[in-house]
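If you're matching them up, the sequences are chains A, B and C in order. To get the numbering used here, take the position in the first sequence, counting from 1, and add 2. To get the numbering used here, take the position in the second sequence, counting from 1, and add 2. To get the numbering used here, take the position in the third sequence, counting from 1, and add 2.
Note that these hints are calculated values from the structure, not bench results. By construction, the Cβ of each residue, glycine as well, lies at the ideal position given by its N, Cα and C atoms. One or more hints might be untrue.
Here are the simulated SDA-like cross-link-like pairs (lysine to any residue), alpha carbons at most 25 Å apart as the crow flies [as the list claims (entries may be wrong)]:
hint : chain 1 : residue 1 : chain 2 : residue 2
1    : A       : K187      : C       : G260
2    : B       : K184      : A       : K281
3    : A       : K194      : C       : F108
4    : A       : K191      : A       : G175
5    : A       : K187      : A       : L214
6    : C       : K184      : B       : Q299
7    : B       : K107      : C       : E233
8    : A       : K281      : A       : E203
9    : B       : K184      : B       : P172
10   : C       : K184      : C       : L231
11   : C       : K129      : C       : F108
12   : C       : K173      : C       : G92
13   : B       : K281      : A       : K187
14   : C       : K191      : A       : T262
15   : B       : K194      : A       : F108
16   : A       : K35       : B       : Q299
Which residues of chain C face chain B? A few of them, derived with a C-beta cut under 10 Å, are [said to hold, decoys possible]:
hint : residue
17   : V265
18   : Q299
19   : M306
Here are the computed distance ranges between Cβ atoms for each label pair [unchecked claim]:
hint : chain 1 : residue 1 : chain 2 : residue 2 : range
20   : A       : P139      : B       : G92       : 57 to 63 Å
21   : C       : D189      : B       : V215      : 49 to 55 Å
22   : A       : D174      : C       : R230      : 48 to 54 Å
23   : A       : G304      : C       : K194      : 43 to 49 Å
24   : B       : I226      : C       : D189      : 49 to 55 Å
25   : A       : L36       : C       : S38       : 45 to 51 Å
26   : A       : T132      : C       : T109      : 50 to 56 Å
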Amino acid sequence: MRRYRFFAALILSLGIGAPLEAAVHHITLRAVKLPSGQLAYEMVRHQVEDQGQVQDRTSHYAQGPTIPGPTLVLTEGDTAKVTLEHGIEGSDLPVSIHVHGVHYKFTSDGTTRTLSETIDSVAYPGKPYTYEWNAAPGTVGTWMYHDHAFGDPLVGAEDQGLFGTLIVNPKDGKVEAMIDGKIQKVDLKDIKREFILWMHETTFWGQELNHLVNRQIPLWTNPIVGARLGELVRFHVIGLGTAFHTFHLHGHRWIEPGTTHVVDTVNVGPISRTAFVVKAGEGVGPGDWHYHCHVVQHMQSGMMGKFRVVQ
Amino acid sequence: MRRYRFFAALILSLGIGAPLEAAVHHITLRAVKLPSGQLAYEMVRHQVEDQGQVQDRTSHYAQGPTIPGPTLVLTEGDTAKVTLEHGIEGSDLPVSIHVHGVHYKFTSDGTTRTLSETIDSVAYPGKPYTYEWNAAPGTVGTWMYHDHAFGDPLVGAEDQGLFGTLIVNPKDGKVEAMIDGKIQKVDLKDIKREFILWMHETTFWGQELNHLVNRQIPLWTNPIVGARLGELVRFHVIGLGTAFHTFHLHGHRWIEPGTTHVVDTVNVGPISRTAFVVKAGEGVGPGDWHYHCHVVQHMQSGMMGKFRVVQ
Amino acid sequence: MRRYRFFAALILSLGIGAPLEAAVHHITLRAVKLPSGQLAYEMVRHQVEDQGQVQDRTSHYAQGPTIPGPTLVLTEGDTAKVTLEHGIEGSDLPVSIHVHGVHYKFTSDGTTRTLSETIDSVAYPGKPYTYEWNAAPGTVGTWMYHDHAFGDPLVGAEDQGLFGTLIVNPKDGKVEAMIDGKIQKVDLKDIKREFILWMHETTFWGQELNHLVNRQIPLWTNPIVGARLGELVRFHVIGLGTAFHTFHLHGHRWIEPGTTHVVDTVNVGPISRTAFVVKAGEGVGPGDWHYHCHVVQHMQSGMMGKFRVVQ
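Chain A with its partners taken away, still in its complex shape (with noise of 0.2 Å):
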């Protein structure tokens, strides 16, 4: 039953026409209370329909409320329906889903009506809400998901800690990366960790996709993040909140997204981002290598951790 109905959803999301090979993803969040009293997303459920199997990837995922919340990962062609509960004790205030980068219809846009005027895209105590997404050609990219609803004002609650990532990935699998000083285009496949850094005011907020042993691990704040000398690595650096950052990796460089500007250092306001891939320890060797926002006053206040590359 459960399968058919997952068939039913592939046809009405996709159309006709559409390439077979595109992925259903059926997700469920939910937004709770930490016990600091910061907010966050946690991952209740993830099954994946491709090609006719359904596939649960829960486990994946990190147990427990994290900050940032779940990583989601879609391939360019996928969709994705992203049901949210509210499990904010305590509250009975809207809380919302508001995503970046990939397409979906308004009533999936994760406001209220105090913001849109016409409808409410959040969920209740005992009412989740239901948002779905399109992982359409032009979405590739590092994108960000957040609350749009909750707090006082109603503009979100996403600087309390309701934020994630949400990273599409190109149909052909390959991203343009500079690897032994070259510019060349890299093979998804063959990177086997994703560091994920949100900088919110003085603190780094990380996780690890680690494909190795296809696990999301929380990081927390200001963490040390690892890999073996040669490995491909790929960061996503985020920006929330309201400082500007410039985010620094020592004895690396990369290049601009979009671009041929090699860097080390860039600017990052709040949900701007950069996202690159590394060859770790290329040309420096093995270290521990500093990250850190660039602006003095926020290394003052601490805000650094270390890109650890062994042999």
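Once you have looked at the hints, place chains B and C on chain A.
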């Protein structure tokens, strides 16, 4: 007699061998004080001499002063003679127009001797000043003009309202955009609406160029802008003042100018800008699509508007 | 004997099969305290071993400490051994050089055990430290070097004056620029003046590399820089500290590195940068062309200088 003078001006400003199709714009602006105490530019007169014909465009502009000031649109190759009248009641401080992007002699810089040590290119009460601009090859883009003389200190009163937009369109009439998920050339003739949004501290100041009715429509603060589903629409987003911003438009994405980088949120500092074309509601349909600054403090201060896409 | 050692160093650092034309730079810098209490680097000695010849370039630099410190210029493929002497009177805190962009082993990172948990790559009074850099392929660009150890907290005293510029020029001697309205390759041999402008809080700190007389000229704060009409001039603009800036140069425009985006005002955050070539006075003629930060509060604080273009 008027036509004779225009022809003389045409010959003088273009010189021998210049292409005949380049237009000469004769523009008069006035700087005035609003009842609120803010300052603003207003359009007094805009006449265009093009291939021997004189066209009066004054009626295309809003009547009275606006913030931002009148949007001046040139085509690559055009020249403009812009006369500024000082109409700021109760003040005999100099006022000026300093323009970005285009070519001009130092006598058209819009600065005072205080800054330049050489000349004053400014208007005083009863003493208008004329600037000459040349939209030479290499100057295509969205630019700014603003006062660079009034106030205390004498660096200019741009942050009191004396700013406006200059658009230099390419001679071939085509700009790059991502439409239907593909980066392609778009014909400017197919763009019926352009929206200008200046980001100043915690407020958007808007203006619409409506090519269907050939009118500039002042939109003032945090406006709702609108388009029909599927229309090509061009946004020009420009910073001003002291704060840094990140501009986000819900449900749409675009390429950063001069790159293939697909974004939906971009860093905008004072007088830095992004300009882009989107197909209204592409892949997402109608809706009251928010645009806002994604700096949380600015969101909480109400720095937002809507892009209303209707069927 | 000295030449023998240089040859040995050359062989050791390049390895078998490396191109013979790569130069090895032997540089000694000293960190000192200025009477103002600020800190600065000074050039002690710079010798270059190139194709079997030793050249002493020490006299090309300013005498005594400067802010920014001596500009180090390498060509893609070169290596540098940079020895830092601790000459900060009254302090035995460690001081270092952390460099951006180029390759170096972790022992040349310029950080302390406090940050790295592994080693100190820093100088103490009477105990100089030598860093080894490799301007490998993929490291072309304008980079920064700065202290990453001194001060309290021990993140470095870059904002007290311990910063300087490293330029890695491409092996083919060509850089992209928009000249006469067209994006084209420019030969570095045709550039006689380079201007380095660091943007620190509300001040520009400048330096000229004058290739006509082979001298580095310290310009200190908010300088007037100059060129003859039509000369090719290269600017390197770099942020520092905590504030974000937008760099604007009157009457000129350029392309953002690695893109075709034509700008005359760009976002510059701490340790982010733009570097570009312009033809002095192209299309605009001679003048005292302002450059300034376009953040209004910074303009009002006098963060400005001039680019004096003379006939």
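Results of checking the hints against the structure:
1. A:K187 - C:G260: holds, 17 Å
2. B:K184 - A:K281: Answer violated: K184 of chain B to K281 of chain A is near 30 Å, above 25 Å.
3. A:K194 - C:F108: holds, 24 Å
4. A:K191 - A:G175: holds, 7 Å
5. A:K187 - A:L214: With Cα atoms ~21 Å apart, K187 of chain A and L214 of chain A stay inside 25 Å; holds.
6. C:K184 - B:Q299: Distance of about 41 Å is beyond 25 Å: violated.
7. B:K107 - C:E233: holds, 17 Å
8. A:K281 - A:E203: violated, 29 Å
9. B:K184 - B:P172: holds, 21 Å
10. C:K184 - C:L231: holds, 18 Å
11. C:K129 - C:F108: Within the cut-off at roughly 19 Å; holds.
12. C:K173 - C:G92: violated, 43 Å
13. B:K281 - A:K187: Violated, at roughly 30 Å.
14. C:K191 - A:T262: Within the cut-off at roughly 23 Å; holds.
15. B:K194 - A:F108: holds, 24 Å
16. A:K35 - B:Q299: Measuring from Cα to Cα gives roughly 22 Å; hence the hint holds.
17. V265: holds, 8 Å
18. Q299: Nearest chain B Cβ about 5 Å off; hint holds.
19. M306: holds, 7 Å
20. A:P139 - B:G92: 57 to 63 Å: holds, 58 Å
21. C:D189 - B:V215: 49 to 55 Å: For V215 of chain B against D189 of chain C, whose Cβ atoms are near 51 Å apart, the range 49 to 55 Å holds.
22. A:D174 - C:R230: 48 to 54 Å: holds, 51 Å
23. A:G304 - C:K194: 43 to 49 Å: Holds: the Cβ-Cβ distance is about 45 Å, inside 43 to 49 Å.
24. B:I226 - C:D189: 49 to 55 Å: Since I226 of chain B and D189 of chain C have Cβ atoms about 52 Å apart, the given range 49 to 55 Å holds.
25. A:L36 - C:S38: 45 to 51 Å: holds, 48 Å
26. A:T132 - C:T109: 50 to 56 Å: holds, 55 Å
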